[in-house]
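K.L.:
Produce the entire structure from the sequences given, and follow the hints as far as they go.
Going down the list, the sequences are from chains A and B.
Letter by letter, the first sequence follows residues 1 to 279 of our numbering.
Letter by letter, the second sequence follows residues 1 to 279 of our numbering.
These aren't lab readings, by the way, just hints derived from the structure by calculation.
Predicted model only: the values in this text are computed from it and were never measured.
Careful: at least some of the hints might be erroneous.
Because identical chains share one entry, a pair is satisfied inside a single copy or across any pair of copies.
[Stated by the list, open to error] Below, a list of computed lysine-lysine pairs in the DSS-like style, where the Cα atoms sit at most 30 angstroms apart:
(1) K17 with K152
(2) K152 with K263
(3) K189 with K215
(4) K65 with K17
(5) K215 with K152
(6) K152 with K65
(7) K263 with K65
(8) K152 with K217
(9) K215 with K65
(10) K17 with K263
(11) K189 with K263
(12) K17 with K217
(13) K17 with K189
(14) K217 with K189
(15) K217 with K65
(16) K189 with K152
Number of protein chains: 2
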Amino acid sequence: MPIRELEYPTEPYSTVKRLNDRASYALETIHQIVNTCPILHVSFQPSNSPFPAVLPMIGQMGSFKRPSADLDEVLDLYLHGYVSSRLMNLARTPASSGSSESNPEPGRLPITVAATHLDGLVLALTPNSHSYNYRSAVLFGHASLVTDPAEKLYAMELITESVVPGRWAHSRVPPNAAEMQSTSILRVKIATGSAKIRSGGPHDERGDLEDEEIKRKVWTGVVPVWSVLGEPVPGGYNQVAEVPEYLEGWRRHVNREAEEFAKEQVLNEGTARKKTTEE
Amino acid sequence: MPIRELEYPTEPYSTVKRLNDRASYALETIHQIVNTCPILHVSFQPSNSPFPAVLPMIGQMGSFKRPSADLDEVLDLYLHGYVSSRLMNLARTPASSGSSESNPEPGRLPITVAATHLDGLVLALTPNSHSYNYRSAVLFGHASLVTDPAEKLYAMELITESVVPGRWAHSRVPPNAAEMQSTSILRVKIATGSAKIRSGGPHDERGDLEDEEIKRKVWTGVVPVWSVLGEPVPGGYNQVAEVPEYLEGWRRHVNREAEEFAKEQVLNEGTARKKTTEE
Numbered sequence: 001m002p003i004r005e006l007e008y009p010t011e012p013y014s015t016v017k018r019l020n021d022r023a024s025y026a027l028e029t030i031h032q033i034v035n036t037c038p039i040l041h042v043s044f045q046p047s048n049s050p051f052p053a054v055l056p057m058i059g060q061m062g063s064f065k066r067p068s069a070d071l072d073e074v075l076d077l078y079l080h081g082y083v084s085s086r087l088m089n090l091a092r093t094p095a096s097s098g099s100s101e102s103n104p105e106p107g108r109l110p111i112t113v114a115a116t117h118l119d120g121l122v123l124a125l126t127p128n129s130h131s132y133n134y135r136s137a138v139l140f141g142h143a144s145l146v147t148d149p150a151e152k153l154y155a156m157e158l159i160t161e162s163v164v165p166g167r168w169a170h171s172r173v174p175p176n177a178a179e180m181q182s183t184s185i186l187r188v189k190i191a192t193g194s195a196k197i198r199s200g201g202p203h204d205e206r207g208d209l210e211d212e213e214i215k216r217k218v219w220t221g222v223v224p225v226w227s228v229l230g231e232p233v234p235g236g237y238n239q240v241a242e243v244p245e246y247l248e249g250w251r252r253h254v255n256r257e258a259e260e261f262a263k264e265q266v267l268n269e270g271t272a273r274k275k276t277t278e279e
Numbered sequence: 001m002p003i004r005e006l007e008y009p010t011e012p013y014s015t016v017k018r019l020n021d022r023a024s025y026a027l028e029t030i031h032q033i034v035n036t037c038p039i040l041h042v043s044f045q046p047s048n049s050p051f052p053a054v055l056p057m058i059g060q061m062g063s064f065k066r067p068s069a070d071l072d073e074v075l076d077l078y079l080h081g082y083v084s085s086r087l088m089n090l091a092r093t094p095a096s097s098g099s100s101e102s103n104p105e106p107g108r109l110p111i112t113v114a115a116t117h118l119d120g121l122v123l124a125l126t127p128n129s130h131s132y133n134y135r136s137a138v139l140f141g142h143a144s145l146v147t148d149p150a151e152k153l154y155a156m157e158l159i160t161e162s163v164v165p166g167r168w169a170h171s172r173v174p175p176n177a178a179e180m181q182s183t184s185i186l187r188v189k190i191a192t193g194s195a196k197i198r199s200g201g202p203h204d205e206r207g208d209l210e211d212e213e214i215k216r217k218v219w220t221g222v223v224p225v226w227s228v229l230g231e232p233v234p235g236g237y238n239q240v241a242e243v244p245e246y247l248e249g250w251r252r253h254v255n256r257e258a259e260e261f262a263k264e265q266v267l268n269e270g271t272a273r274k275k276t277t278e279e
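P.N.:
This is the structure in structure tokens:
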């Protein structure tokens, strides 16, 4: 455990400029947001497109060299994909020249990864003071294809376990040769990152707060928002009569935690240095 | 109403290459996914950063010139932001030269916008066949700042109404001069876009499906996932005793619809042309 909380360096491209009282550069905060986000948005600039590409992907922070590393330590981001996809091809060292999307720096594709959780709709007196309670993180790094089979297997288990803990051991493993071949894993070496968090109730401008007629008319507060895992629905060829406890117990736990968290965020005005006007 | 369903053109950068039986280019499908997504991920390439920027933003498709336009018609994307933010500065025609992040084509910033909904965790016999049920859309276009106050007001109402229908009329409107000044709206002219949708139950490789021992051991099916709007929590200066019906009725409606939809998606094997192996 480091004595002082580790933080990512603040580069010009990573510094939160607006409402920077909501910003955090702490590794633990950022990694936590990423690891609890079921879908990450991964962006990179293909050389032959006028627009950046954005792909929804599954990913997880981890350390192959030290699997016991905590969330507040230096970690890599592992992303799950397929050999045929555009991103994987860009991150791969080109086997031959003439690729239509050749990467100027083979094996080191600059990518940006965003993870965002919506925690509540913040309803203020006037639309301009409306907001969301949210937690968002962005990581900047360089992606390369994992080639070591042991590291690949580590990442496959890490990512599967992030979807449903216990699932790896309770399904048919290890992957066979064809599966190892057809699955690609990207390792992102993180250059830096940042998080932005908004919690608490609504905030309004003084003009509206002093207007008793408006306050008597407009309901203000927060609608907490969270994600729910519904009752598992067996597939067409399922033969296991009862939903196993590692799945059912986890599902109930996650639902309880998610609801509690979203509600707590309404009351948690956080560590914001100053909150006057809202957005 | 067009006689034939309108589709976006398939450009090299927008064509779904992998699992293209899940792809759609229909305007209505794409716009629907975007308009029901509470947080969009907006990506652009700043000239002075090695990494693309990704910002979580609120947005909504609409037509200022013909506000009654349907979802299956040509629409613009309106994004909500603030004058000080990096994206807004890039999309603005520079007032003077020497900006550290000058846009080579002022007022026409190429951006990519992603909207993704998670509908379920698809649990198959083996981790490699695990998947998500999801709906994802990507739009490619050029962003510019809205300068016409009437169009700005149209977009502000459109976006507020997308968060809670009826909220605009039930809060303090219209925005005052300072609010109009401090709020920026980006209009994105859409060049093209695509959607990718996965629904249905798990699919496994033949080798696992023919292994009775594995099938007896591993529970397979789908855990439906949806977003829930919790009971509204009044803010510190709220004076309205009861949660108004436009908010409470809508909340109940949305919760019911979201739950039903996620569950229906499990049974809906969709229009996929062929589904053998899974990912």
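K.L.:
Is the C-alpha distance from K189 to K215 at most 30 angstroms within one copy, between copies, in both cases, or in neither?
P.N.:
neither (50 angstroms within a copy, 39 angstroms between copies)
K.L.:
Using 30 angstroms as the alpha carbon limit, work out where K215 and K152 are close: within a copy, between copies, both or neither.
P.N.:
For K215 and K152, the Cα distance is within 30 angstroms only across copies (26 angstroms; inside one copy 57 angstroms).
K.L.:
Within, between, both or neither: how does the pair K17, K217 come out at a Cα-Cα threshold of 30 angstroms?
P.N.:
Cα proximity of K17 and K217: none, with 35 angstroms in one copy and 53 angstroms across.
K.L.:
How would you label the pair K189, K263 (within, between, both, or neither) given a Cα cut-off of 30 angstroms?
P.N.:
Neither: 35 angstroms inside a chain and 38 angstroms across chains, both beyond 30 angstroms.
K.L.:
Within, between, both or neither: how does the pair K17, K152 come out at a Cα-Cα threshold of 30 angstroms?
P.N.:
between (37 angstroms within a copy, 24 angstroms between copies)
K.L.:
Checking K17 and K263: alpha-carbon separation at most 30 angstroms within a copy, between copies, both or neither?
P.N.:
Within one copy, since 28 angstroms is at most 30 angstroms while 41 angstroms is not.
K.L.:
Can you tell me if K17 and K189 fall within 30 angstroms by alpha carbon in one copy, between copies, both or neither?
P.N.:
both (24 angstroms within a copy, 27 angstroms between copies)
K.L.:
At 30 angstroms max between alpha carbons, let me know whether K152 reaches K65 within a copy, between copies, both or neither.
P.N.:
within (12 angstroms within a copy, 52 angstroms between copies)
K.L.:
Which holds for K263 with K65 at a C-alpha limit of 30 angstroms: within a copy, between copies, both or neither?
P.N.:
neither (38 angstroms within a copy, 40 angstroms between copies)
K.L.:
Pop the pair K189 and K152 into one bin, within, between, both or neither, using alpha-carbon distances up to 30 angstroms.
P.N.:
For K189 and K152, only the intra-copy Cα distance (15 angstroms) is at most 30 angstroms; the inter-copy one is 41 angstroms.
K.L.:
Checking K152 and K217: alpha-carbon separation at most 30 angstroms within a copy, between copies, both or neither?
P.N.:
Classified as between; 25 angstroms across copies, 58 angstroms inside a copy.
K.L.:
Between copies, within a copy, both or neither: which fits K152 and K263 at Cα up to 30 angstroms?
P.N.:
Intra 38 angstroms, inter 33 angstroms, cutoff 30 angstroms: neither.
In the structure shown, a violation is registered for the earlier hints numbered 2, 3, 4, 7, 9, 11, 12, 14, 15, in ascending order.
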